[in-house]
Amino acid sequence: MVLLTLALVVPLATAILTFLARRTPGLQRGLSVAGAAALLAVSLVLGAEVVAGGPIAATMGGWPAPFGITLVADLLSAAMVVITGVIALAVAVYGLGEIDPAEERIGHHTLLHALLLGVTGAFLTGDLFNLYVWFEVMLIASFGLLALGGRPDQLDGAIKYVALNLVSTLAFLAGVGLLYGATGTLNMADLHGAVPDLDNATVVFTTAALLLFAFSVKSALFPVFFWLPASYHTPSVTTSAVFAALLTKVGVYALIRVFTLIYDAGMPLIQELLLVAAGLTMLTGVLGAAAQNDIRRILSFHIISQIGYMVLGLALYTPLAIVGAIFYIIHHIVVKANLFLVGGVVKKLTGSEDLARIGGLWAAAPWLGVLFLIPALSLAGIPPLSGFWAKLVVIKASLEAEHYVLAATALVVGLLTVYSMSKIWLEAFWKPHPEPARAAGRGLDRGESWALLAPIVGLAAITVLIGLVAAPFYAVSTTAADQLLDPSAYVTAVLGARP
Amino acid sequence: MELALAVLVGVLTTCAVYLMLSGNMVRFIFALALLSNAVNLVIFAAGRLTYAAPPLIADGAKAPADTVANALPQALILTAIVIGFGLLAFTLVLVHRAHQTLGTVEADDMRVAEPASDDDEAR
Amino acid sequence: MAVVTAPVAAAADAAPTGRPLARYGPALGSATACAGFAALIPTIADYSSIRVAWPWISGLGVELSFLIDGLALIFALLITGIGALVLAYSASYFKGHHKLVRLLVLLVLFELSMLGLVLADNLILMFVFWELTTVTSFLLVGFDHEKADARNKALQALLVTAAGGLALLAGILLIGAVAGTLEASALPAAAAALKADPLYPAILVLVLLGAFTKSAQFPFHFWLPNAMAAPTPVSAYLHSATMVKAGVYLLARLTPALGGTGPWLWTLTIVGGVTAVLASIWALRQTDLKLTLAYTTVMALGTLTMFLGGASAIALAAAVTFLIVHAFYKAALFLAVGILDKKAGSREIDQLGGLARPMWRTWVVVALAALSMAGFPPFLGFIGKELKYEGALAVASEPLLVVTFAVAANAMMVAVAGLVAIKPFLGPRTATAAKAGEPPFAMWLGPAVLATGGLVFGIAPELVGAALVNPTASVMIGDRVAKDFKLWHGVNIPLMLSILTFVLGVVIYLALGRIRRGLAAGEAHGLWAAESGYDGVLAGTKALAAWQTRVIQTGRQTQYFLWTTTVLAALLWAGLAMGGFAVMPRGVEAISLIELTMLALAAFGAVATVVTRSRLLAILALGLLGSAVAAIFVFYGAIDVAMTQLLVETLIVVIVAVALLRLPRLTPAPGLEVRWGHLGVALATGVATALALTAVLGTELDRRITDFFEQASATEAFGRNIVNVILVDFRALDTLGEIAVVVVAALGAVALLTRRREHREASR
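Protein chains in written order, with our numbering: chain A, 1 to 499; chain B, 1 to 123; chain C, 1 to 764.
Rather than coming from a laboratory, the hints here were simulated on the basis of the structure.
The C-beta atom is built at its ideal place from N, Cα and C for all residues, glycine as well.
Certain hints may be false.
The calculated DSBU-like cross-link candidates involving lysine-lysine, where the alpha carbons are at most 30 Å apart (straight line), are [said to hold, decoys possible]: (1) C:LYS147 x A:LYS347; (2) C:LYS147 x A:LYS348; (3) C:LYS147 x C:LYS435; (4) C:LYS542 x C:LYS147; (5) C:LYS147 x A:LYS423; (6) C:LYS95 x C:LYS153; (7) C:LYS99 x C:LYS147; (8) C:LYS195 x C:LYS483; (9) C:LYS342 x C:LYS423; (10) C:LYS99 x C:LYS153; (11) C:LYS542 x A:LYS347; (12) C:LYS343 x C:LYS95; (13) C:LYS153 x A:LYS423; (14) A:LYS347 x C:LYS99; (15) C:LYS153 x C:LYS423; (16) C:LYS99 x A:LYS348; (17) A:LYS348 x C:LYS542; (18) C:LYS542 x C:LYS153; (19) A:LYS423 x C:LYS99; (20) C:LYS343 x C:LYS99; (21) C:LYS99 x C:LYS435; (22) A:LYS423 x C:LYS542; (23) C:LYS153 x A:LYS347.
Counterexamples of contact, computed for chain B against chain A with all Cβ distances above 12 Å [as the list claims (entries may be wrong)]: (24) VAL7; (25) ALA52; (26) ALA53; (27) ALA58; (28) ASP59; (29) ALA63; (30) THR67; (31) VAL68.
Let the hints inform the model, and build the full structure from the sequences given.
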């Protein structure tokens, strides 16, 4: 399946080409956007293929699984890659209007596409060690993007981000090593068969513990999310947006993949831990957001809170709950990226992200108000936007599983989300600008406004689309969940039909 | 020997974690090196230790004649070592830059991204 | 469905032009829709209903299903009819205002949401519209958002109703789980199952929370008077005639499914009754006419809730009739207060007086509406009140309680009606009202039509009674209701109660000054401050948020590390414990001295790195460790690894050494002052890792993949160094990623250093 390879080749080639073109900024920008568009195109074809024909797999170098490395896309992977393509294009375009030319010259585009390479690699690989490698590609690219500006706050944020994430990947690597030692294989479809056969429960649980830890850090679960609020508000808005959209979601993806295919999230202790962590993640994240006064810091804490919903879906481990988790991820990536992008425009127009120092936007730029309200209300779960259905499914699943406390938590967190979104609205949009002289704000010049607004409008349109025409998205999530809970199609695609 | 190697892994991990907790970013670099070594040893041991020849195939042979050491973990470790080196080198540069800009290598004294005055604001 | 889309087209017409046709377009659209609904009256009067449905998200049981029965139609008529009048009024009220278009757009959006709410059959669909009314209401309450007060009150309205909304959502989901359907029209069939289910109390609480917050029942009532920060036409429309009745609508809609039980009856009766009485007392206290009306709206909502509690046909008919009565007179009065505000310069009762002459047309309207409010014959208000007393007496379990609540609240309504109709218009002209004059026609039309309606329908009550009230009551009771609507019932208990009400009302009106002073004194003591609950919760949440964030996200890396590594250690130990500590190795092999030496050297290197205070020693120790590990690799046939290890370790030592020259010394040395907590966590992690490894070593390795590599390496991949073949062929993708990591790391590092130079040059 050449498509699977293409999904990696496109970002890789784009990263290399943008590096080579670093002395001709126009070309470099064009390549970056074209590469992102190509990734989206490839991902859409891939998605269509998987929707039509079920999981597909491709052996690398022609070595059959479980010996060589296999790329594999079931519906979850394909959906994640499609959404990655969407975000790639959005941030590639947005970056044209935002990124400092100096940062472009020293590698913004290359790092961005390297990051995308790591992300798509992580979504598509069918090999656990290879997953570790893509994690590292993603991580090192994100380190670079984070520290690229070289401002003191960026360096500070990067230090915390780098240090905590390195611990998590080393735990991941140790887990992979131990799991290999116990099963003799690294292929995830193969592990699906091998792990249940292990007769030493200590091995099962300790390896599960290491992977759980690693992915929890990556997903920013309570109580190991510190790196995220410490760093996400510091880099360029473009970088923040792509981080917010994709990085933690790779962690959540890995949790879902590993704890459905290799282990199952319904395992004793693992399930309880995930449930408690999900509840506390929702709660502490949203409370953290409520305590902030800076747009991007509010949004960063919200990422954590929303991760809680996704993990809750996994932890409940019922078919409906997994559907909810997947629907939530798809919705959230679009919405969260968009909120960061809108935050960037707010900053451009008012000169700050500190809510105390800005205001007057509802009068000065009502169009931006509408563009903010769509993702903000969606995030808060207001119908008929995408977030409503996402929350609805997760809460319904909680109620049906009789986890009433968690359902109540999810609802209360929804209310607190309304509160903190309305806080941004009240302060940035409704409140008059504290310096009347700046009330009108500065306008965007034409090229800039096109680059900044087109992605925002596009993502907002997707949010509305998912909300109004939720049925196909729900259907895809359902099929994806079915494939996760009964991975026989996945396993067959990778290993071939077993006698 | 495998057991002894497990003990060594334990020692390395303990030392690494302890160093990390110091908050000194230079020590963190050391910790990173220690932990990388520990994890590499984990993979190595997980491939089982054999007093055997390196996994090479003699000229003309189709496969190793005798038992050879497990090649797969070796390949994994090689990958991990190189990746680990890349990360460590970057981290080192980052710490160096942070020191230049922030004037400290004590992570707890780096309070630019999350200023201490937050506590007052939040009230 | 054409009727529903009419206002949309009209809203599109509203366009950002100031032309009259555009300004009045939404009103015309709404009026058209109203006429469309009116055309359905004969169908509904025949006790039939219309249902249309399209699939939406079938997997979740969510359909785009709409139902028009008596209940839906009454609301639809009120929404579109009053909507038309309010839209016309607004176009005139805000003529020339720069935010006119925004206002009209929001009002039309609200109207559509509200229509959707009452027409939806699917409960989730209804909830979708329910939340949309909350959002549009938020945006409308904060219309004057330059004022901090308007912002805060909009937020309050949003949070209170959104909180209730979320409870309602949970309630709906539970209803769906128990009843197996989300269609309101299918719920009566499942009523028995619902009421018998152990989840019934939970469902009831959740649904009632939704209804009570939306319809401003005690103790959630406070947001509604505060929502008066909205422009007056908005208040008239949303916060009196329509949106606040959504909760009442919900109760009515769910009566057949959930009503008739003891808990339902008691909760609705008591909450509704208490709300009605307290609100009418608060209404007396106010001096701002708009606030007075707001509290009487709360009173009306309480009354409606109370009557919905009693599951008798007559009580429900009373509720429906009063719903119509109230919508007419209250919207009229609100709009009239808007006129006073605009044309007489104030809404404060003490600043108004003597307006009867300059504003006689307005006075006529106010008087008509107030007479209906006070329940004088031959107004519809009289019929509504008689029905209420009849209904109260018919409430089987507690007639006395309901009658007492009803009489008390109504008497105070009489007093308020007097206050509104008499005080501003009679007596000497006040200074504020000096320049008073009549409003433009478009502003006068709305209240005039509504107030006249109260009279017309009072004289000919069958127009609403048989056509709308009976079919609606039938929907709720699940049986055909055919109540006769007459102005004169003869001398009976309700009439006696009416007379008692008037007498009490007049007494209260006369004693109003004294009552108000008394209430003001009580208020000073915080007697009426139910709102403090909201403030407390909000402040508490903020404080909790600030506290937890201070505790968790401290900004201190050591804290972050401590939590993170503790979690790692805890998870590992939990894993070991869950597995029953099955960590026995296969058997202890002999270990040679040289091996032991290597291990000891490595361990020594590690420990030395920790304890040394010297940077140089630390680097050397690191080098020692690396070399010892390389030696271990050599021992077990990993030559390539050992060589790479040595190379990389050397590189590391060199670059760390170079970098360290620029970095500060290692102080304080942790080796000298042991941090026991840290050591504990470190040991826990280390020991657990070692044990986990031991557990794995206790199992047999499945070597089939390595076997394959050994067989295929030379024959298929044409390489004799198996490790190399794995790297460049079998697992080439890993190597690709590895190269990517190193290249990107280099790029990042160079970028970091370049930026430094740039920053430095820039600062020069």
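If any of the earlier hints don't hold here, list their numbers in rising order. Per hint list: zero violations.
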